[in-house]
Amino acid sequence: MKNNWKPTMSRNSILGVFAKSPIKPLEKHIQLVVKCSNQLIPFFVACNEQNWSEAAKVRRKISKLEQDADVLKRQLRLELPGGLFMPVDRADLLELLTQQDKIANRAKDIAGRILGRKLEFPVSLQEQFNAYLARCIEATDKAAEAINELDDLLETGFRGREVELVEKMIDQLDEIEDDTDIMQINLRKNLLVLESELNPVDVMFLYQIIDWVGDLADLAERVGARLEILLARK
Amino acid sequence: MDILLNSGSILVIIAAVVGLFMAWGIGANDVANAMGTSVGSKALTIKQAIIIAMVFEFAGAYLAGGEVTSTIRKGIIDASFFVDSPELLVFGMISALFAAATWLLIASALGWPVSTTHSIVGAIVGFAAVGVSPDAVEWSKVGGIVGSWIITPLISGVIAFLIFNSAQKLIFDTDKPLQQAKRWVPLYMFLAGFVLALVTIKKGLKHLDLHIGNVDGYIYAAITAVVVAIIGKFFINRLKFDESAALKTHYANVEKVFAVLMIVTACAMAFAHGSNDVANAIGPLAAVVSIVDNGGQIAAKSAIAWWILPLGGFGIVAGLAIFGHKVMATIGTGITHLTPSRGFAAELAAACTVVISSGAGLPISTTQTLVGAVLGVGMARGIAAINLGVVRNIVVSWVITLPVGAGLSILFFWVMQATFT
Chain A
1 MKNNWKPTMS RNSILGVFAK SPIKPLEKHI QLVVKCSNQL IPFFVACNEQ
51 NWSEAAKVRR KISKLEQDAD VLKRQLRLEL PGGLFMPVDR ADLLELLTQQ
101 DKIANRAKDI AGRILGRKLE FPVSLQEQFN AYLARCIEAT DKAAEAINEL
151 DDLLETGFRG REVELVEKMI DQLDEIEDDT DIMQINLRKN LLVLESELNP
201 VDVMFLYQII DWVGDLADLA ERVGARLEIL LARK
Chain B
1 MDILLNSGSI LVIIAAVVGL FMAWGIGAND VANAMGTSVG SKALTIKQAI
51 IIAMVFEFAG AYLAGGEVTS TIRKGIIDAS FFVDSPELLV FGMISALFAA
101 ATWLLIASAL GWPVSTTHSI VGAIVGFAAV GVSPDAVEWS KVGGIVGSWI
151 ITPLISGVIA FLIFNSAQKL IFDTDKPLQQ AKRWVPLYMF LAGFVLALVT
201 IKKGLKHLDL HIGNVDGYIY AAITAVVVAI IGKFFINRLK FDESAALKTH
251 YANVEKVFAV LMIVTACAMA FAHGSNDVAN AIGPLAAVVS IVDNGGQIAA
301 KSAIAWWILP LGGFGIVAGL AIFGHKVMAT IGTGITHLTP SRGFAAELAA
351 ACTVVISSGA GLPISTTQTL VGAVLGVGMA RGIAAINLGV VRNIVVSWVI
401 TLPVGAGLSI LFFWVMQATF T
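Quick note, the sequences are listed as chains A and B, same order. Sequential numbering from 1 applies to the first sequence in my numbering. Sequential numbering from 1 applies to the second sequence in my numbering.
If you're looking for bench data, these hints aren't it; they were derived computationally from the structure. Among these hints, one or two may not hold up.
Have a look at the derived ranges for each label pair, beta carbon to beta carbon [claimed, not checked]: (1) B:VAL215 to A:ILE229: 35 to 45 Å; (2) B:ILE151 to A:ASP179: 56 to 66 Å; (3) B:ILE400 to A:GLY112: 32 to 42 Å; (4) A:ILE229 to B:ILE322: 47 to 57 Å; (5) A:LYS28 to B:GLN179: 56 to 66 Å; (6) A:GLN31 to B:LEU388: 25 to 35 Å; (7) B:ALA303 to A:LYS24: 22 to 32 Å; (8) B:GLN179 to A:ALA232: 28 to 38 Å; (9) B:ASP242 to A:GLN67: 18 to 28 Å; (10) A:GLU197 to B:ASP242: 55 to 65 Å; (11) B:ASP175 to A:ILE229: 47 to 57 Å; (12) B:ASP242 to A:ASP179: 28 to 38 Å; (13) B:ASP175 to A:ASN186: 38 to 48 Å.
The beta-carbon is built from N, C-alpha and C at its ideal position, and this holds for glycine as well.
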């Protein structure tokens, strides 16, 4: 009896009009993504100490978080059929989700590549690299902070002070990303000096890792840009 | 003619039983739509919602249900057509009630969101136009009623849009939204109280033989509204706010203030629903009683028998009490992504539109008006996601109900005619 009632009544009552909000799941998704990218810090700590078993453990954690984010992404896509009337454009929302998800994918790539080759940064570069990594992860944190404003944006009907607040966050995000670009150039320069002392294949991959870590900030910036487009429409 | 003298009381009893059943059905099923937004946004518990619905549905039905009842009773059909054969009108009205109640039952079982108003209007037009003669229908009035079904959701949507935007300007888009909410929310309570009280005083209390002057009416309405606002303010002041929550989520505390407002708009919604929808059950009954009491004469001016409005109110409350909690429970457990600041705008707009329509004697659909209001808030970018498929279903059910109600009514009419003559 009870099972018969549920679908019947929800269809019969006006509450069927209210579809599931995509905003909370979207916020939850970026929280997972950022948790994933933040794991890179303990990961590189373990790598620098050449504690490969610990590094492997952290990598599994990263991989698990990335999978969780993937599941949530797929679920959100399924729950956002056409025929929904939303305050934001559906395509923009899905694009934002895709960009968010790429951050977690990138974090997983980085951990996988490092661990697979037991790749090590030269000791003299480690401090500089850690600072660069921290700043890139800061960019992802900032993106999450902006996305977490979405529920407040809904409260204010996507206008007014709340929009200004989010735009300020996006500006800060852009600044962080600019910063990481400069840090990346310096890091590459210093690596270039050491190139002759290192295994050439390793050097190739070190450049790739530097690139990928930079991608974290780039992707975070793109999340901010998508959010801005989302706010600008309508 | 003889049939009315011989079996008049039996016909009245039949009509009363079916009318009561219809009212019961409205209470059991339709009220969930009126109260759903309040329960869905967690402003009210199921128990609170049922108590509010019982009190205010009855009050709305009894105090402000008269005008719509008159329209259903004698506004749709050209009474002069039945002067020589009043029994046809009695059969017809009973058939219409049977038809509407049956359709409501079937639709409820299948989970279709039909409107009781559409089914009863369709049923009355059906038996009159097909069972008797197309000339028996006051087509111009029917045109007006059907037109109101299109216009009222629009009006209610526009009002909801404006109310929501005003709340954004006055409260949400400010430096101190919580203080602003405490200041302005009683004003919305005043507005709800004023509109309801005014319509009740101006239009509803006619049958109670209270004669209140024009200016007096406004004064009494304003006094009622001020009392509502003061009581609301008292409860807002008693709220405890979580200071730590203010840092993380800016608007959690503001929503608490709106939750108090939603209790007021829920009362308004229940009142409005009672005032408009009670007529669907008792309008035809009132017509039957009036004809039988007058020994077959169709008196254009007779008042509604004193016991009819309370009977309708009682039926709705009984439906709520016996069955409504089940319907409400399914709403309460379903997750609705609706916060009180949105729900109130939709409810206030719908309640005002419905109660004004009730005052004007227009039988409109409460559900459709509420859906119009929800879309209005959606237009103001206030709701995360509205399921347009469900909105379409509601509109389709609206269109389908008219011919189905008419068809069933014609069928019952022929059966009754064959049985009694």
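Evaluated hints:
no.: 1; hint: B:VAL215 to A:ILE229: 35 to 45 Å; verdict: violated (56 Å)
no.: 2; hint: B:ILE151 to A:ASP179: 56 to 66 Å; verdict: holds (58 Å)
no.: 3; hint: B:ILE400 to A:GLY112: 32 to 42 Å; verdict: violated (58 Å)
no.: 4; hint: A:ILE229 to B:ILE322: 47 to 57 Å; verdict: holds (53 Å)
no.: 5; hint: A:LYS28 to B:GLN179: 56 to 66 Å; verdict: violated (31 Å)
no.: 6; hint: A:GLN31 to B:LEU388: 25 to 35 Å; verdict: holds (30 Å)
no.: 7; hint: B:ALA303 to A:LYS24: 22 to 32 Å; verdict: violated (55 Å)
no.: 8; hint: B:GLN179 to A:ALA232: 28 to 38 Å; verdict: holds (31 Å)
no.: 9; hint: B:ASP242 to A:GLN67: 18 to 28 Å; verdict: violated (35 Å)
no.: 10; hint: A:GLU197 to B:ASP242: 55 to 65 Å; verdict: holds (59 Å)
no.: 11; hint: B:ASP175 to A:ILE229: 47 to 57 Å; verdict: violated (28 Å)
no.: 12; hint: B:ASP242 to A:ASP179: 28 to 38 Å; verdict: holds (37 Å)
no.: 13; hint: B:ASP175 to A:ASN186: 38 to 48 Å; verdict: holds (42 Å)
Checked against the numbered hints above, the structure breaks hints 1, 3, 5, 7, 9 and 11 and satisfies the rest.
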